[in-house]
Every structure is written in C-alpha cells, then in structure tokens.
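Student: Could you put together the complete structure from these sequences and hints?
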Amino acid sequence: MSGTFVGMPAFPEAAREAVRNTTLRANLRHATHTIRDKRARAVAELDDWASLREAGKQIKDHTLRNLEHYLLQLEESVTAAGGTVHWAGDADEANRIVTDLVKATGESEVVKVKSMATQEIGLNEALEAEGIHAYETDLAELIVQLGKDRPSHILVPAIHRNRGEIRDIFEKEMGSWGRPAPEGLTDTPAELAEAARLHLREKFLRAKVGISGANFMVAETGTLVVVESEGNGRMCLTLPETLISVVGIEKIVPTWRDLEVFLQTLPRSSTAERMNPYTSTWTGTAREDGPSTFHLVLLDNGRTDTLADEVGRQALRCIRCSACLNVCPVYERAGGHAYGSVYPGPIGAILSPQLRGTQSEIDASLPYASSLCGACYEVCPVAIDIPEVLVHLRERVVQGGEVTRHGTKVTLRPAKGHAAERAAMRAAGWAFGRPAALRTGQRLASGTRRIHPRTLPGPGRAWSATRDLPKVPAEPFRDWWRRTNGGQTEKGGKK
Amino acid sequence: MSSRDQILGRVRRALADVPEDKKNHAYDRAVPRDYLREHGDRSTEQTTGLLAENLADYRAHVHRCTAEELPALLARLLAARGARTVLAPPGLPPHWLKAADTNRIADRAASTPHELDEVDSVVTGCAVAVAETGTIVLDGGPDQGRRRITLVPDHHICVVRVPDQVVSSVPQALERLDPARPLTWISGPSATSDIELDRVEGVHGPRTLEVVLVSGV
Numbered sequence: 000m001s002g003t004f005v006g007m008p009a010f011p012e013a014a015r016e017a018v019r020n021t022t023l024r025a026n027l028r029h030a031t032h033t034i035r036d037k038r039a040r041a042v043a044e045l046d047d048w049a050s051l052r053e054a055g056k057q058i059k060d061h062t063l064r065n066l067e068h069y070l071l072q073l074e075e076s077v078t079a080a081g082g083t084v085h086w087a088g089d090a091d092e093a094n095r096i097v098t099d100l101v102k103a104t105g106e107s108e109v110v111k112v113k114s115m116a117t118q119e120i121g122l123n124e125a126l127e128a129e130g131i132h133a134y135e136t137d138l139a140e141l142i143v144q145l146g147k148d149r150p151s152h153i154l155v156p157a158i159h160r161n162r163g164e165i166r167d168i169f170e171k172e173m174g175s176w177g178r179p180a181p182e183g184l185t186d187t188p189a190e191l192a193e194a195a196r197l198h199l200r201e202k203f204l205r206a207k208v209g210i211s212g213a214n215f216m217v218a219e220t221g222t223l224v225v226v227e228s229e230g231n232g233r234m235c236l237t238l239p240e241t242l243i244s245v246v247g248i249e250k251i252v253p254t255w256r257d258l259e260v261f262l263q264t265l266p267r268s269s270t271a272e273r274m275n276p277y278t279s280t281w282t283g284t285a286r287e288d289g290p291s292t293f294h295l296v297l298l299d300n301g302r303t304d305t306l307a308d309e310v311g312r313q314a315l316r317c318i319r320c321s322a323c324l325n326v327c328p329v330y331e332r333a334g335g336h337a338y339g340s341v342y343p344g345p346i347g348a349i350l351s352p353q354l355r356g357t358q359s360e361i362d363a364s365l366p367y368a369s370s371l372c373g374a375c376y377e378v379c380p381v382a383i384d385i386p387e388v389l390v391h392l393r394e395r396v397v398q399g400g401e402v403t404r405h406g407t408k409v410t411l412r413p414a415k416g417h418a419a420e421r422a423a424m425r426a427a428g429w430a431f432g433r434p435a436a437l438r439t440g441q442r443l444a445s446g447t448r449r450i451h452p453r454t455l456p457g458p459g460r461a462w463s464a465t466r467d468l469p470k471v472p473a474e475p476f477r478d479w480w481r482r483t484n485g486g487q488t489e490k491g492g493k494k
Numbered sequence: 000m001s002s003r004d005q006i007l008g009r010v011r012r013a014l015a016d017v018p019e020d021k022k023n024h025a026y027d028r029a030v031p032r033d034y035l036r037e038h039g040d041r042s043t044e045q046t047t048g049l050l051a052e053n054l055a056d057y058r059a060h061v062h063r064c065t066a067e068e069l070p071a072l073l074a075r076l077l078a079a080r081g082a083r084t085v086l087a088p089p090g091l092p093p094h095w096l097k098a099a100d101t102n103r104i105a106d107r108a109a110s111t112p113h114e115l116d117e118v119d120s121v122v123t124g125c126a127v128a129v130a131e132t133g134t135i136v137l138d139g140g141p142d143q144g145r146r147r148i149t150l151v152p153d154h155h156i157c158v159v160r161v162p163d164q165v166v167s168s169v170p171q172a173l174e175r176l177d178p179a180r181p182l183t184w185i186s187g188p189s190a191t192s193d194i195e196l197d198r199v200e201g202v203h204g205p206r207t208l209e210v211v212l213v214s215g216v
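Residue numbers (numbering that gives the first Met the number 0), protein chains in the order written: chain V, 0 to 494; chain R, 0 to 216.
These are calculated hints, taken from the structure and not from any lab test.
Here are the simulated SDA-like pairs of lysine to any residue, each with C-alpha atoms no more than 20 Å apart in a straight line: (1) LYS202(V) to GLU114(R); (2) LYS102(V) to GLY130(V); (3) LYS37(V) to GLU52(R); (4) LYS207(V) to HIS113(R); (5) LYS102(V) to LYS207(V); (6) LYS56(V) to ARG32(R); (7) LYS56(V) to LYS22(R); (8) LYS56(V) to ASP33(R); (9) LYS56(V) to VAL42(V); (10) LYS470(V) to ARG449(V); (11) LYS22(R) to HIS68(V); (12) LYS37(V) to ASP197(R); (13) LYS56(V) to TYR376(V).
Tutor: Below is the structure:
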C-alpha cells in the first residue's frame with residue numbers, strides 16, 4: 000500500500016489523540032447516527048434481505064475460489080469490447096502504468112472519480128511527482144484535497160468535517176486550485192454543493208483524461224460499474240477522450256445477472272437509499288459515445304496475499320459500502336484517521352494488516368481496534384465475519400506463524416510486545432491442566448482477596464489501565480458447588 | 000515473468016487449499032438465488048403508481064398524461080423553465096416537441112462539452128423504469144442519445160411509456176437491458192450525502208429532473 004500513512008503511531012496512541020478532539024467526536028457522532036437509522040429503514044423495506052446477503056456472499060466466495068478463471072475471462076471480454084488490460088503487482092507498478100498512459104496522451108491534468116484503489120496506491124502523489132495534476136471531483140474528496148487532509152471514511156472521506164469547517168476550507172483554498180468560492184458563501188449544504196459545482200465544472204468541461212475505479216467488473220461481459228451520487232462520476236466517465244480505471248482484482252462478479260444482488264444491497268447499505276442517484280455501466284468503448292480509449296489496470300497490491308489466508312480471505316468479499324464503519328462504537332469515537340489507512344473502521348482493521356502485513360506498529364495494533372461487539376458483522380451486506388478475522392489476526396500477531404507476503408510464504412515471529420500475555424496464557428494453560436494446583440491457587444486467591452491491588456503491577460499495568468480487574472469471589476465455584484450440593488441446599492436455591 | 004503471469008501464479012498458489020470440487024465453474028448451481036424477483040404483489044397500475052411515488056420521494060418532478068396530451072405538456076414544462084434551446088436525440092418522435100417554442104439542438108458527435116453547457120434543457124425517452132427504486136435507465140437508444148446530453152444541461156425531461164417500459168424491480172430491469180450498451184441509471188436529480196451524511200440535491204448532474212409518465216403510446 001502507499002506510503003501516505005507511513006510512520007503512523009499504533010492505533011491506541013492515535014485514538015487517544017482523536018477522542019480528546021471534541022469537535023471530531025461531535026461530527027462523527029452526528030453523521031454516523033444519522034446514517035445508522037436511515038440504513039435500518041432502507042434495509043427493512045426488503046423482506047428478502049437475508050437471502051440477498053447470502054447470495055452476495057456466495058457470489059463473491061465463488062468468484063474468489065475461481066479467481067484465475069474469472070480474471071482471464073474478464074481480460075478477454077474487456078479486450079474484445081475495445082479496452083486494453085494492464086496488470087499491476089503492486090502500488091508502484093500501478094502508478095507507473097497510469098503515469099505512462101497519461102503522459103502518452105500529452106495531457107498534464109486529469110479528473111478523478113472517487114476511488115479507494117487509487118487512494119490506496121497513492122496515485123495522486125505519484126502523478127504530481129511527474130508534473131500531472133489530479134483533480135478529485137467527488138465532493139468529500141475535494142474537501143480532503145483542498146484541506147490537505149487525509150480521508151477518514153470509505154464513502155464520505157470528509158466525514159470528520161462539519162459544514163462550518165467545509166465552508167472555511169472552500170473559501171480559503173478554492174482560489175488556488177481554480178475558480179474561487181462565491182462571495183459570501185454560507186455553510187448551508189446546498190450552497191456548499193453549489194460552490195463545488197461551479198468550481199469543478201470548468202475542469203470537467205476541458206478534461207481530456209479521466210481516472211476511475213469501479214464497484215464491480217462483470218467477467219462474462221467485460222462491463223464495469225460505477226455507483227455514485229453527484230454526477231461527477233458520469234462527467235469523468237463520459238466527457239474525456241481517455242478513461243483509465245484502476246480496479247482491485249477482487250472486484251469481479253461472474254455474470255451480468257449478479258448485479259441484481261449488489262445493486263440492491265450496496266445503495267441501501269452505504270447511503271441508505273433505495274438506489275443511488277447515478278449508476279454508470281460501460282463495456283469497453285462505445286462508438287461516438289464517451290471515451291474512445293479505455294484502459295483497465297488490474298491491481299493486486301497484497302490481495303493475493305490476503306487470498307492465501309483461509310480465514311482472512313473473506314475480507315476480499317468487501318464491496319466498500321462502509322456500513323460497518325457507521326455502526327462501529329470504536330470508529331464513532333476514534334475517527335478514521337487513527338486507523339492509519341485509507342480503509343478505516345472494522346473492515347480496515349482486517350483489510351489493512353492483510354494487504355500490508357503486520358510488521359509495522361500500526362498494522363500490528365489494528366486487529367485490537369475493536370471491542371468484538373459484532374455490530375459490523377450484523378450489517379455487512381456480504382456477511383464478512385469481521386470479529387472472526389480480528390481474532391484470527393490477533394492470534395497471528397501474538398503467536399506468529401505462516402503467512403504469504405509478496406507471493407511467498409514466510410514465517411512470522413511472535414510480536415515482542417505480547418511476551419507478558421503469552422507468559423500469562425502459558426501459566427493459565429498449565430494450571431487448568433492440573434486440578435489440584437488450580438484448586439490451591441483459587442483458594443489462596445479467595446483468602447487474600449482483601450489485599451488485591453486495583454491495578455496490575457509491571458507489564459500488566461497497560462492492560463489494567465483501561466479495565467477494572469475482575470473481583471475474586473469469596474469462595475471458588477467448585478468449593479461452593481460441593482458445599483451446597485450444586486446449589487440445592489443453599490437458601491433460595493432449588494429444593 | 001510478466002506481472003500478469005506473476006499475479007495469476009499467486010492466485011493459483013493462494014487457493015492451493017481449496018479442493019477441486021469447490022472450484023466449480025458450473026456457476027448456475029453455485030449460488031442460491033432464493034431472493035425475490037420483485038417485492039410485493041401489485042397490479043400494473045399500482046406498479047406505475049409506485050414508480051411515481053418513489054421518483055417523487057427523491058425529488059424528481061413527476062407528470063402523467065396521455066399520448067395526445069404529451070406535446071402540449073412538454074411545451075408547457077419547457078416554457079415554465081424558460082428554456083430557449085432544447086437538445087433532442089435523433090430518434091425522439093418529432094411530434095413530441097411540435098408544440099414547443101424552443102430551438103431544437105441536435106445531439107452531434109462533434110459538439111463540445113462547452114456547447115452542451117449552453118443548452119437549457121434536454122428531452123429524452125428511456126429504456127426501462129424501475130418502480131421499487133424510482134429509477135429510470137437510459138441505454139443510448141435512438142430516443143435517448145449520447146450519455147453526455149443528459150448530463151451537462153441542467154434540466155432533463157425524461158419520457159417513460161407506461162406501462163410497457165415499467166418493471167417492478169432491479170432483477171427485472173437487468174433482464175431487459177443489454178450490457179454491451181453504455182447504461183445510465185438515474186434515481187432522482189444529482190445529489191450528495193457528503194456533508195454530514197445528509198442528502199442534498201443538486202451537484203454536477205441536472206439539478207432538475209422531470210419524468211413524464213405517458214400512457215397509450
């Protein structure tokens with residue numbers, strides 16, 4: 000993945016900063032609660048939601064199991080429809096391919112549709128280094144770009160900004176990127192949207208190169224699908240002469256018919272709408288309608304490594320709806336930036352450490368950025384069991400083991416920071432295997448309960464700093480059971 | 000080794016644990032499709048009513064008329080808008096705009112985006128409309144034109160022939176559409192949820208969408 004977030008502190012430190020920011024917490028609370036209730040209503044309209052969810056899961060699992068077959072089929076159908084297919088193993092290669100394609104057109108600016116894949120690879124920075132200006136055209140991406148900020152949400156990258164902050168950014172920054180913000184701009188959302196419309200229009204109308212991602216690619220027909228709201232996607236997909244789409248290899252669905260599942264589940268899960276305002280589908284190039292040149296860049300960048308993990312590969316089912324972010328109690332409080340990746344929230348906590356590996360501090364800490372409450376799994380429209388993968392990745396961090404990195408199997412060593420935890424677990428394992436020792440220990444603990452400290456000493460302090468130590472009961476359970484004959488002779492117990 | 004071969008090789012090795020019988024190319028049997036083909040049980044007229052309701056819910060202006068009334072209605076809508084120029088794709092029935100007091104502009108490959116930006120309104124037909132979601136779909140057919148003509152002008156009037164062009168659901172719509180054609184699915188005017196996750200209408204696409212449900216064509 001890109002270097003955008005290199006050097007991020009581990010999640011607990013970043014989150015500690017974020018939760019102190021009261022504006023941020025208020026912005027996030029307002030936005031996530033608004034969308035949470037709306038989503039629940041949109042989903043409740045469909046009696047067959049559970050069946051759609053299961054079908055979505057099965058379609059994606061089937062595709063992943065047969066990924067080689069469908070990649071080849073897609074390549075063939077896109078090529079037959081007039082497109083050119085490129086393959087990029089990592090971010091650098093994808094950036095090089097796109098930069099060369101743009102240079103070949105002779106243009107020095109491009110308009111972009113919001114795309115997670117190009118955020119992931121840091122395409123804008125790579126283009127800028129070669130003297131090519133990339134203009135983000137999605138409203139939230141524009142806010143992030145103008146504010147020299149980082150995205151904090153999959154669907155609404157500027158979710159951490161409220162209308163007042165957005166107004167200030169527009170007024171201050173639009174002038175240096177193009178058309179300045181209108182005089183006397185207020186913070187009403189309609190006026191802010193109008194300011195973005197005016198600012199971007201001149202860029203759309205003169206654009207010769209558009210860059211997009213895609214929500215889905217249909218292997219059988221070679222069709223790409225972009226789901227959007229504002230019309231900036233349509234502008235970038237139809238007005239330029241050249242279109243370059245950078246898409247992760249897991250975005251494939253086998254058949255045209257499969258869209259009937261995802262075009263129902265995606266809008267309701269992401270913006271809580273029956274249908275998003277605009278969906279564009281295109282198959283290669285069309286005669287005299289839209290771009291005459293179409294390039295598809297298929298991106299690996301850690302996806303095949305993720306695919307190699309039998310538990311973790313389900314993360315590749317993700318359709319980037321961001322429903323899991325909106326329900327997550329940890330995301331709501333810590334915000335997206337603390338996750339140190341373009342993929343924040345619960346899905347980011349399982350995707351980033353798999354795409355990038357768990358070597359860095361931030362990636363090793365992400366599987367712990369969760370209370371395992373399971374709300375993310377409940378709302379996921381492709382039923383990714385995020386808690387299961389989180390626990391799996393925690394185990395990987397603590398115990399080490401075999402993983403695939405850059406296509407090669409390597410054995411990870413157990414993380415250093417978890418030595419005390421491992422020692423405690425080893426001791427617990429030993430005691431549970433020896434009933435007599437366990438009994439002696441429990442009685443000793445019960446007898447001394449009045450002098451137990453409230454926090455743990457030494458390496459245990461970090462653990463007890465955010466938790467109450469469980470109180471030891473006056474009498475071990477097994478002693479109580481024997482004394483009361485399983486509760487039968489106790490007052491108030493069964494007769 | 001090319002990146003293509005490298006990625007395909009990695010995919011193959013990553014799936015080494017998957018037994019052959021799980022790798023099933025016979026796709027028809029691989030996915031349970033016990034979800035509904037449509038939601039609810041409606042008469043044709045009720046389906047059209049639901050379409051009108053859902054279109055309006057996302058702030059499209061909905062009008063209903065007969066085939067005979069259509070030219071007068073279109074003339075009235077264009078006049079109310081103050082439109083002097085109207086784009087019309089080549090296959091739009093000529094009599095639809097016969098009552099309109101506007102300059103008719105042709106959908107030409109040579110027109111620049113800046114020229115389209117000067118046009119006041121655009122009138123098109125559609126390929127199919129989806130009642131459950133309040134969606135109209137354009138497929139670039141002769142009465143719909145190039146994708147950009149329904150994008151750059153700020154006012155779009157879309158004529159839906161009811162009941163023939165109306166389906167209940169997304170699955171039914173996909174069955175009718177040809178993936179080889181460039182498709183645009185439109186559900187209400189351009190909108191955004193990017194400011195505090197609240198929906199605001201009117202960003203880059205046409206800010207006013209009028210849908211005419213015409214019967215008896």
